[in-house]
Amino acid sequence: MKCESKFEDLLLMLDGELDDSKRVELEKHVEICSVCYERLCKLQAMDSCLRSSLSHPEIVPDITGAVMSQIARKPKRNRCVVYAAGITAVAACVVLFSLHQPNKTITPVKKMPVVVMVKEPRKPDIHLISDREPKQERVVRAISEPKSVRTAYHRLSPKETIRPDGKKSLQKRYEQTEPSTDTALHVEIHLDGESSKLVVVADPSEHVIITTLQTKAATMPPGLDVSNIERPPLQTVTNVDPAALLISEI
Amino acid sequence: MVLLSDSEIIRRVKKGKSDDFSEIISRYQRKALSLAYRMLGNWDDAEDAVQDACVNSFKGLRTFNERSKFWIWFRKIVVNCCLKKISRKVTHDNIDTVLETTAEPYIDSIEEGVLKTCEMETVRAAILDLPPHYRIVVVLKYQEDLSTPEIADALDLSAGIVRVRLHRALKMLAKRLVVIPDEV
Chain A
14 MKCESKFEDL LLMLDGELDD SKRVELEKHV EICSVCYERL CKLQAMDSCL RSSLSHPEIV
74 PDITGAVMSQ IARKPKRNRC VVYAAGITAV AACVVLFSLH QPNKTITPVK KMPVVVMVKE
134 PRKPDIHLIS DREPKQERVV RAISEPKSVR TAYHRLSPKE TIRPDGKKSL QKRYEQTEPS
194 TDTALHVEIH LDGESSKLVV VADPSEHVII TTLQTKAATM PPGLDVSNIE RPPLQTVTNV
254 DPAALLISEI
Chain B
33 MVLLSDSEII RRVKKGKSDD FSEIISRYQR KALSLAYRML GNWDDAEDAV QDACVNSFKG
93 LRTFNERSKF WIWFRKIVVN CCLKKISRKV THDNIDTVLE TTAEPYIDSI EEGVLKTCEM
153 ETVRAAILDL PPHYRIVVVL KYQEDLSTPE IADALDLSAG IVRVRLHRAL KMLAKRLVVI
213 PDEV
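Heads up: the protein sequence lines correspond to chains A and B, in order. Numbered per the working numbering, the first sequence spans residues 14 to 263. Numbered per the working numbering, the second sequence spans residues 33 to 216.
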């Protein structure tokens with residue numbers, strides 16, 4: 014055993030972290046080696062010196078009040094209580110709502126994306142009309158602008174005009190170009206089991222040519238041709254059968 | 033008041049009885065403050081660190097696993113708060129520099145010399161001069177009487193790193209506290 018390597022082992026032995034076989038061996042060595050014996054004594058002295066120096070202070074300040082006032086300043090709701098309150102409120106709303114409309118069955122709303130292809134890059138109003146009594150009509154929100162709207166116009170130099178009050182003003186001018194073919198307007202309809210007609214309402218002053226309603230071929234009622242209808246004041250595009258109108262490819 | 037166990041009090045606090053947390057503080061503030069005091073060297077910083085630790089532990093009480101001991105969990109928070117407080121004062125660059133310069137010229141002072149003094153204030157000053165990551169290991173070992181694996185757990189380090197830091201710290205202390213006979 015070389016004494017040079019004993020320092021670490023002596024520390025481990027003092028800490029009680031040396032495994033038994035090594036400890037027994039080292040204890041035997043320390044008995045016969047005066048250098049290591051002296052080292053061990055000094056390490057023990059340092060160990061006890063550190064322990065006594067680092068004893069717990071006898072008097073420590075009391076911080077309970079300070080901490081509790083900090084905690085009280087930042088009241089935090091118990092998350093479980095918040096969740097429980099939220100769930101209770103939602104449940105109460107559901108119960109009240111169903112009590113309020115006892116005869117009405119709640120039918121699940123089916124979201125369905127539809128693409129209306131138009132010739133002109135205008136945005137027609139699209140309505141969903143219920144064919145059951147009482148008839149109800151809802152405007153369907155288009156979820157996108159017609160895609161090729163930017164290609165349909167180009168800007169001309171502004172024209173100077175004289176206003177009735179005599180002041181001059183510049184009038185912005187646009188020139189309509191050849192409309193692009195197949196401008197797609199994405200809409201999303203919400204079928205609630207009662208709606209059966211999808212209607213495209215176009216302003217007669219606007220060129221809205223509905224080319225096709227992109228659906229599965231099987232869902233298009235036979236004989237309904239919408240490709241050459243121009244300026245329809247109110248044009249029914251198709252009868253929508255909620256069961257059949259499962260548009261899969263947009 | 034009937035003496036409740038830590039876990040019983042914590043359960044009550046979790047159910048919303050925040051005031052019961054004061055009982056937990058009064059049980060552990062002495063240990064926490066003395067640990068922080070040895071780490072930081074003054075009562076003002078120690079109080080700040082322990083107050084932060086108390087508030088943090090209150091906020092994070094949901095994450096406390098009631099099967100383990102509160103003090104072990106809380107001690108980790110105290111240690112982290114102390115290290116944060118130190119890191120605001122000392123940059124890591126400084127720590128690394130100290131590590132390189134003081135660990136390298138290891139002198140066998142402990143075997144060649146005699147313990148110059150065991151005057152407590154001198155020893156404490158020498159401990160406070162240690163780089164913080166060495167100091168915390170010494171404090172946890174000699175004040176808290178933790179074993180190497182327990183220190184490793186408290187500091188989220190491996191036992192090997194703790195052992196290295198402890199030995200280096202002792203060598204640094206030896207350099208300060210031990211006098212070589214030739215110098216006397």
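Mixed in with the good hints, there may be bad ones.
Chain B residues, not near chain A, derived (Cβ > 10 Å throughout) [as the list claims (entries may be wrong)]:
| hint | residue |
| --- | --- |
| 1 | I41 |
| 2 | D77 |
| 3 | S100 |
These stretches of chain B come out as covered by chain A in the derived footprint (C-beta under 8 Å, 3 or more residues) [stated by the list, open to error]:
| hint | region |
| --- | --- |
| 4 | 49 to 57 |
| 5 | 82 to 89 |
Since the hints were made in silico from the structure, they are not lab data. Glycine residues also receive a C-beta, built at the ideal position from the N, C-alpha and C atoms.
Tested hints:
1. No Cβ of chain A comes within 10 Å of the Cβ of I41(B); the nearest lies about 13 Å off, and the non-interface call holds.
2. Residue placement check: D77(B) keeps its beta carbon more than 10 Å from all beta carbons of chain A (closest about 12 Å).
3. Interface exclusion of S100(B) from chain A stands, the closest Cβ pair being 22 Å apart, more than 10 Å.
4. Against chain A, the region 49 to 57 of chain B contributes 5 residues with a C-beta closer than 8 Å to a partner C-beta. That satisfies the three-residue criterion, and the hint holds.
5. Restraint check on the region 82 to 89 of chain B versus chain A: 4 residues with Cβ-Cβ distances below 8 Å, three needed, restraint holds.
Violated hints are absent here; each numbered hint is respected by the structure.
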